[in-house]
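The residues making up each chain are set out below.
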Amino acid sequence: MTENPRRPIPGTPRHKKERIDALAASSAPEGGAATASGGGTTTALREAGRVAGGEGVSLWMSAWRRLRHDWVFLVGAAIVVLFVLLAIIAPFIAPHDPAGRVLIDQVHRQSNPVPGPQPGHPLGADYLGRDLLSRLMVGARQTLIVGVLATLGGLFGGMALGTLAGAFGGWVDSVVMRVVDVLLSIPSLLMAFSIAAMFRSPSQWTVILAIAIVQVPVFARLLRGSMLAQRHSDHVLAARALGVRKGTIVFRHMLPNAMGPVIVQATLVLATAIIDAAALSFLGLGNPDDRAPEWGQMLGNAQSYFDSHPHLAVYPALCIIVVALGFTLVGESLRESLDPKSRR
Amino acid sequence: MSRYIVRRLLQAVVTLFVLSVLLFAWLRSLPGGPVSALLGERSTPADRAALEAALGLDQPILVQYWRFLERASQGQFGVSTGVLPGRDALEIFLSRFPATIELSFFALTLAILLGVPLGYLAARRRGTFLDTGSVLFSLVGIAVPVFFLAFALKYVFAIQLGLLPPSGRQSVGINATHITGMYVLDGLMTREWDAAWDALRHLILPAVALSSIPFAVILRITRASVLEVLDEDYVRTAQSKGLRAPTIRGRHVLRNALIPVVTTIGLQTGALLAGAVLTERVFTFRGVGHALAYGFETRDYAVLQVLIMMAALVYILVNMVVDIAYAAIDPRVRVR
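Line order of the protein sequences matches chains A and B.
First residue of the first sequence: -5, per our numbering; consecutive thereafter.
First residue of the second sequence: 221, per our numbering; consecutive thereafter.
Derived by calculation from the structure, the hints in this document are not laboratory data.
Heads up, some of the hints might be wrong.
To be verified - Taking beta-carbon pairs under 8 Å as the criterion, some of the chain A residues facing chain B (in silico): (1) ILE139; (2) VAL142; (3) LEU146; (4) ARG172; (5) VAL173; (6) SER179; (7) ALA232; (8) PRO304; (9) ALA311; (10) LEU319.
To be verified - Partner residues aside, some chain B positions facing chain A, computed with beta carbon under 7 Å: (11) ILE379; (12) LEU408; (13) ALA532.
To be verified - Over the 12 Å line for every Cβ pair with chain B, so calculated as not near, a few chain A residues: (14) HIS63; (15) ALA265; (16) PHE276.
The beta-carbon is built from N, C-alpha and C at its ideal position, and this holds for glycine as well.
Looking at chain B on its own, in the form it has when it is part of the complex (with noise of 0.2 Å):
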């Protein structure tokens, strides 16, 4: 086991040096090159030059890339030029990263609760109208745009029938105490129970719509993964020992069959953080990926660097986990 451990983390850390390796080719290679994309397109030729020379741009190429690496390790990712002038780019994340992980909680939990239960159903009564139906409902929630879906929940919940807030985190006359910056958690803790339900309703249109693809994700893994259990010879085994058929169902099928759901929900995480872009900016949701969107938008390179770095440092660090808790279960992995 602990060597699948150290095997994991050397993976990881290989990933992560070819990531720099691409963050840093990719800051080179924006239009007019890492300068006037740091600085924005109003720069003056001062600045410019303090930041080449800060930059060392003058050095050879190996020399620059151990500067990027020595200024990513101490924080330094520039200032932001579009999302929010002056501020600090990782100061910005740092700021929004409680947000989007509120949202993907409720986004993911959310999937689980509807596609686990579903997915199983589905394949227990394989071929039934719930079977097909489900699948079909699956699929349909791959095929629609995450942000047409948002829009399409906001347009009828929130602004045709009043029922739920169309925007923001929380309401603007609510004078709650933050503590964690998860609004929700924050209510709770101050038991100010007003503040955390209206951050709930807040959260409920932006999670449903982040949840659509996870959700269909989960729900085919999971019929699939019951329907390949359903027909292995220890099922078998069990229901002619004369098991009754919940513990079959249980301790059998289930628990073998939630094993692969475990490991997709971890590659979740990524669809999730992709999918927090669309679904903040619709519901301007302040969060990483309402950032992010307004850094695509005003090529706010400084916010993009740190942004993206941390995405993929957070989807990267969630599957070795989910590796290292899945090896623990499954002895099976250990081994490959």
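Bound conformation, chain A alone (with noise of 0.2 Å):
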């Protein structure tokens, strides 16, 4: 089976990877706006190069000038801002060590095994008398830490098979794409659950590896739709008449026009990433060492106390829907302003 670079009906996404094929399709830089017409005279050639309606300007320039009204995006900016902050200050303004166990002769395992909110500790303390706020807090950090190693390896990961796939084309393209397209055809959160439980003893590092290489697949694929896009373009012909490097012209031509889709599809990432670990450690999978908090994994362990004290499950639960909405929030704006269709 030949494929060729289908071309998506506009707007209208039918399958997981056609809507990743869409998305890389809607930054391919507009071909044929600077292209000479064959019997050019000098005029011509003058006026080919110049656009139509006044000075150029960049895609993110112009991207940034509709965002900054865009209240979509400033709210999800704002809350992925503090999210940030958070995660990097709360371990210095948190008012108690997340693992310490300072109520500890609080809990009684038959009465009251979950100590309420008192002076001192206004969300009280978890399970094993750990002030609830403190873990909060501080659990930014390594929530934060999961989402974006995983972002970040699914990236690089499909990054590597994208590119390899876009730049040589060939038999290359179709076995690459070939286990990308099966890897995309099972379920995702069932895939990340089944590398999950490859291994003996989960910890943070498994439940990474899993969340990453189940996004592998839709860089890969989103990189592999924009590579092949301008393969043809004629910033890539004029490259390689100068006589640029094969190389140079993937990395240093091909590769930043690529980036757009591909730093929208990472914001969505990062939101889903931090759902998932959520799930993985509701199933038993996830990072079983909880010195240092993380909020997907304080709500998986909430869950056997979910029916007595709901408030363990509800906090954490509650931070990760705002954190997950802000980065969507943010994704999907971005997405829109990125697209030249909606350019105007």
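Take the two lone chains and join them into the complex the hints point to.
Right under this line is the structure:
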């Protein structure tokens, strides 16, 4: 089966893979704007490079101009900035040590396993007598680490595969993309569970690895689509005509142009990575070491107390929901503003 | 059309082949290799040697793979060690499958019944409170961890308010006849109305929790697709021809806009399968997802192997059928 670059019906994403392709195509530089017509006189050539409509504005600049007034983006960005700030400073401003069992003497297995709110501990403590507020605050850091590392893992894995396929084409492309398509045809969360179950002793790293691997095919397809779209575009032709080496063309001319959709996808993946980490913890596939708290892990571990003390689960869940929403809002508004179709 | 079907079938075959290789590799890379994975931690050396010979682990890898395929095609996936120790893994899948079909069916129906009209209305009234509200609602729907939503629903409606049963598929006291394994259907078929009603009450909370993500996705795709179609020339043409608004909405807008929605619904079976693992566990709803959840927890690889394979198989088949149906509706798909 030879696969020619499919052109998705614009705006009607059907398959997971076609949705990815549509995203890849959305930021491909519009070719043809600067092509000189064949029998060009000097004036035609001089005019040819000029795009109508005043001075040129870079894709990112024009995207920023629209994003500045987009409340969806602003709300999302505010959440993300607050989250990252909290992740950085929380260990210094948290009132208690998140691993210290300060209220352990109030934990009574039978009568009252979870100490309630009290002076100095506004949210009370968890089932091991650790201050809940401090754990929530410090949890931001571990959550950010898991989200970012899993996304970066998926990104770099996908980048390697997608660049390989898109840059070489031919049979390399066929083989890589066939495997990628199969991976996309397995329900992604189920695949994350299966990968995490491969390790005898789960840890933070197996969680990150499981979530990252699931994202590899998505990024691979995205980058490959972008690369294919550019292979025959004018700026690559120009670079080739100038005698630029192939590697340089791929990394300096093609890859930077493919970054728009990749960044959009990465933002969205960050949100799902945080949610997926929680699901892994819930199934007992998460990091068992809870001295450095992570929201998904706190939520997963609170499951046996849900019926009696739901607040143990509600607080970390709210944190996850808000942060995931923040990243999704940023990703969606970025996607819209980078799409040439909505640019005008 | 027939050429398209053949091509799509071939694609599915290739996918299945790669999938079998992946599953084989997955089994081999398990801690301690496939033998201790399948027999569990407490296995005697005699058992290990017997299984090793049966699996042909001393043979070259290609022969091993061939044996694996042979056993898979005969339905020999080994014996459960954790979920239901001693039971045949394939048997567990078969006995659990109807429950998950029933649950997924209800969840998907709910998601479609809510998602499509809301998405359509949001697109028609673009920019209004209804539009912003439903888009925001769907974004939140994706951001909420499924199992947390399940716990929250269970806590509020089953434990605090006591309106619905908190777990299980049917009350213990009810002595219902089971034919298909789908309890609501069984109750309707045998005219045991109280049994059907009881099973339905047990289904409501898990189905609502499970439908959250498909609902959000269907809503957003419907909205985007209707917006796209509203802009089309043929809609303007229909309007300038003076067709009545309901005719345009039904025949021109909705009909064309629903095409991508149908495919999305097929794709959502994947989300349903993964979501069922989480939801069924929270509600102790004994379906495939419940078995998978405990399979992961107890590292019951014999059960996991068959359940994962079957889940992927169902997903691939559903999408193939959807694709072919889609090609029948929309001629543009065939030529690509």
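Should the hint that A:ALA311 touches chain B count as held when the rule is a Cβ pair under 8 Å? Where the cut-off is 8 Å and the nearest Cβ of chain B is about 4 Å from A:ALA311, the hint holds.
Using the nearest Cβ pair, does A:SER179 come within less than 8 Å of chain B? Result: holds, 6 Å to nearest chain B Cβ.
Using the nearest Cβ pair, does A:ILE139 come within less than 8 Å of chain B? 19 Å, violated
May I ask you to check that A:ALA265 keeps its beta-carbon over 12 Å from the closest beta-carbon of chain B? Violated, since 7 Å does not exceed 12 Å.
At a threshold of 8 Å, is the proposed contact between A:VAL173 and chain B supported by beta-carbon distances? Status holds, d = 6 Å.
Supplied contact hint for A:LEU146, tested at 8 Å Cβ to chain B: Interface hint status for A:LEU146: violated (21 Å vs cutoff 8 Å).
Evaluation of the interface hint that places B:ALA532 against chain A, nearest CB under 7 Å: At 5 Å from the nearest chain A Cβ, B:ALA532 passes the 7 Å test, so the hint holds.
Please check whether A:VAL142 passes as an interface residue: C-beta within 8 Å of a C-beta belonging to chain B. Because about 18 Å separates A:VAL142 from the closest Cβ in chain B, which is outside the 8 Å limit, the hint is violated.
Against chain B, run the beta carbon of A:LEU319 and see if the smallest gap drops under 8 Å. 4 Å, holds
Verify that the Cβ of A:HIS63 lies farther than 12 Å from every Cβ atom of chain B, and report whether the claim holds or is violated. 15 Å, holds
Holds or violated: is there a CB of chain B closer than 8 Å to the CB of A:PRO304? 5 Å, holds
Under 8 Å, Cβ to Cβ, is where A:ARG172 needs to be relative to chain B, so tell me if that hint holds or is violated. 7 Å, holds
Hints 1, 2, 3, 7, 12, 15, 16, counting from the list given before, are not met by this structure.
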